[in-house]
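Undergrad: Each chain is listed here by its residues.
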Amino acid sequence: MASISTTTNKPPVQKRGTFSKRFNATYFLQDNITGSRGQLIWVIILTILTLGVLVQQLGNAPSRAWIIFGIWAVGVIGTVVGELFTLHIGATRWLKENMFNNVTNVLVTLLLALLLGIVCSGLWRWGVVNATFSPELTHPDVRTFDGASWGVLWGARKLLLTGLLGPEHNSRVIGWTLTILALWLMSFIGTRDSTRETTAGTFIRRVANTGWILSPFISYIFLAGLDYEAPFVDFRTLIVGTAIVTAIMGILWFFKVIQLNPVSTAAWVLAWPLSYLLWRTIAYVSFNAEIFSPIDPDKWGGLLLTVIFAIFVNILSFPIGILLALGRRADVQGIPWWLLWPVAILLTAWGLYTSTFGNCIGTPSFLCENVNLWATSRNGIERVISLWPLLIPLATWSFLRSFNGNFLQAFSVLFIEIIRGVPLITLLFMAIIMAPFFLPEDSQGLSNFWAVIVGYTIFTSSYMAELVRGGLQAIPNGQYEAADALGINTLQKYRFIILPQALRILIPPLAGAVIGTFKSSSLVALVGMIDLVGSTKAIIANSQWLGLRTELYVFMFVLYFLVSSVVSWYSRRLEDQSGLGVR
Amino acid sequence: MAQTTVSPPGSGADIPPPEEQSIGSRVMSYIFDIRFLGVLGQIAFILLLLVGAQRIFSNFGSNVDKLGRAQFICRDGRFAYRCAYDFMDNEAGFDIDDTALDYVNTDSFWWALTNGIVNTFRVGLLALVATTFLGTTMGIARMSDNWLVSRLSLAYIEIIRNTPILVQLLLIYFSVILALPDIKEAVQPFNLPIFLSNRGLIMAWPQFMSSASIWIAFLVLGVIQFQVMWMFLSRREEKTGQESSKFTWGLAGFLIIAAIGWIVSTAVAENEGLLIPNSSRIDEVEDFEKLMLARAGINHLSELAELPQEELDAVTLNVCVLRESSSEANFVNRLASEGIPFKISRNGSPAKAMAKYRDGSCEMFAAPKSVLAAEIATLETPTDHLIVPVKERPLVWSIPRFEKFNIIGGLLLTPEYFALFLGLTIFYAGGLAEVVRAGILSVSKGQTEAARALGLSEGQRLNLIVLPQALRVIIPPLISTYLSLMKDTSLGVAVAFQEVYLVSQTLMNQSGRALQIMIVLMIIYLSISIFFSAILNWYNDRVVIVER
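Line order of the protein sequences matches chains A and B. The opening position of the first sequence corresponds to residue 277 in my numbering, with each subsequent residue numbered one higher. The opening position of the second sequence corresponds to residue 981 in my numbering, with each subsequent residue numbered one higher.
This is chain A alone, in the form it adopts within the complex (with noise of 0.2 Å):
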């Protein structure tokens, strides 16, 4: 531009309210509009679209499509005459830089602005204006039908929160929900950054920590409540109890990655005993005294419901899934060849002869049958099917071959793809419907309550078994080859090095499955559990509340998404803790 070049370094200063030096209508015509065919079409296009709008909507709602368009006009004009005349003030600035930098999104912005009027008007309309708050105008005879009947969700109050649970328990519910708010609370105050160095904000964090290792607990009286049968001691959980806590701190101390003094010892030995004592105790009293009467887990439904399983599966799910990643990473020396394949041939040729010709000695009664089945087999594939054997072999030899007889990894490789291969609710319908056919005949079965936990807990850990060798991956090599060098040894090389550093990486996607266990928590609700969103079915078949499904659909909706945001807030916040990307 010719301006420009008759100074050597700056721009000439231009007087503001003169007409702008720099505005060439053919560069801008070029830039907005005529750049290119693709241009020209998009933008006549997208002209097009939103005089299309803008007419209808002027038609069907004048008023606001005026003053949307009004808002709008006035916004391009100040910021074309403070473009053209140097007039900028801070508002055209913005709206300058952010909305009309360019005439296609001068355009844009007019169509979404029309667009999210008709949306938010209509959701307006029908969540407020045409509303109605109160419990009493839910029935179909009095109820509104231009708007939502918000009462249901405060005549519904119980069903939504607890399900079918007592309300006797309600306290119970309650006390519990408080005593966790109340951890949170102190959790939350003890690590901010202001209170973090203080004395009463270690001491704040330590109740908090303590309460959060007992909260399993804790909550399992406040909401399954306690059964007391006598003996008040049964010797052998406390001795057998006992022996599996002293030999996991054997162990540990074994591979050095604990250290003993006299009183961690009594403490790790003690430490069975004492609880189970204090938990007899409890039981007994509450027991005598009646306060926490035992509650059936089936009994429980709704939010409270939908809570216990994201809480539950979660805490489970992690060590599993650490568990098996490790498992995919194992580094051990496979089965040799020379051992499997003997045994593989050797199955082979006996699977072969009892499939074939009926021999049924030494077999599981259902996979034989005491006839020669090649000759009275109906056709070719039954036929194929007796020849199953044949797959011993193909799966040894690819198991050579994949894995070279590492078992850990194939094992864990196998879960883990199995689980992830297949949708969530196939597994909780399996956990539901086939877990009794799989246990033993006497036994009174699994309740609905724990075969979705286990059908959940399986299907999580799978997750964050991929999760964990995702951060695993993501630790350099040299802290794995620096730990051997130390010479220290794997637990050790896991406990101090790979994953307190792994773990830190992990905040954000653990977050991630955190927020998705318990939004996928919903999917109970498919195979007939009463938790927040199955609650619904039960709600609308109450004559009061007949069909209200959209108000109580809306009111998960934000529900959902408001727990997700403060579980994500919450997750960001803990990031910037642990300096993640700092240190």
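I should point out that these hints are in silico values taken from the structure, not numbers from a laboratory. Not one of these hints is a red herring.
Some chain B residues flagged as far from chain A (calculated, every beta-carbon gap over 10 Å):
{"id": "1", "residue": "Phe1012"}
{"id": "2", "residue": "Asp1075"}
{"id": "3", "residue": "Val1098"}
{"id": "4", "residue": "Pro1288"}
{"id": "5", "residue": "Ser1341"}
{"id": "6", "residue": "Glu1343"}
{"id": "7", "residue": "Pro1369"}
{"id": "8", "residue": "Ile1459"}
Derived SDA-like pairs: lysine to any residue, alpha-carbon spacing no greater than 25 Å straight-line:
{"id": "9", "chain 1": "B", "residue 1": "Lys1164", "chain 2": "B", "residue 2": "Gly1180"}
{"id": "10", "chain 1": "B", "residue 1": "Lys1164", "chain 2": "A", "residue 2": "Trp402"}
{"id": "11", "chain 1": "A", "residue 1": "Lys532", "chain 2": "B", "residue 2": "Phe1012"}
For every residue, glycine included, the Cβ atom is placed at its ideal position computed from N, Cα and C.
The hints should help you fit chain B onto chain A, whose structure is shown.
TA: Positioned in the frame of chain A, the structure of chain B alone reads:
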């Protein structure tokens, strides 16, 4: 082993020669070798698993025995586990409303299951394509320099990703689609041939006629031509430096070949016919106009509009067709384009149509000639009737029309299908938007600036510089998004769309064989996931090779 023999090279002089060891300590050194312990541990693990499996299977065996051996009865009445799947040949006995294949409730369980699988892919693949478009759009919109656009797509992404797909699906199905107006007041956006009502979405849809095979052959030829033209022109460009618009030439050639194919296939095709009585004195379809004029006693078809309703009803042609056949679309289009009033009666089978034709409730029957030739023989006096050829185009638009209380023609997406499709698309597009954004942001700014410095246009910058690098980041999570989407088609059970999961649940209820069907279901889903994993691995391998 390792402990005794290792000696660093070059330092042999410092280390005393290995001592003779006693047998016992040698054995001990083998036993405490970590590799030996590892193998031993694995074998113990396998044995533990086998014992567990044995327990579970023996439980299963005894439970099944308790439930009765009816599950495993062969056709010859004997009991055998290999007959576990014999029941699948039995009659299914339940309806599947929305199928792509021919299915009636007397078909076998296998066929019902196949229909379920097809439905799964029908909704899954379409949602996959739509997700890709919507997700990419949203991901790019998120980075738009327009504040409103980027905020709106941010809101979309956050809201969608933080709420369960099930609730979204239920909202879409019960609160949006089923709340749409009745079919009589179907919404027609922008006056396009698209109708939205609580019976789903009905829209105009192209239908291939039997002669389309010829046209498609020409299209393939056109594509080959395009490639050859491209190659030829680029060689010439390399040799002589003479530039030419390769794309335009190739496209022009393609269009010409497609047009020739269209004309040829229209001229050659003679599959469609119309069965009418001789007495109507129609030899060609062009005679319809004359027939109408004679019937209504008017001089020009435009006068039809002035006729009173009763007279119009009287002159209206009654046409029998086969349900959802391409002959219908072809014939209807033809009559509609000539402005002849007609009524269509749809029939499930040629026999039903012929019955109506015989009793006079329809005057003519439009179907493929081969069908008509077979059916004309069943008439009492075949010579009184004749088959008139109907011209066909390789591709006809089946356009929805109002008829009484219904909309006929076009493609119908049932509310269930439509809801599942929308639910999957909207949910997974939210996740995909983040993937796309991450991918594009992963290309460093320097690349963009370098491309600008080279003077590349925005399009070239995107196509040649940014996309190839971004795709490497985008594709792996994209494929796992696809996989999750395919798995989540099982949510069709929430809106009663009969995909493979719901069908197999019905099968279980019908047959009482939970285990067998569950195994099949698992295999189906695992095959889908293996398919996607294979694509992913293939792509990753390819990218790795490109990288080096």
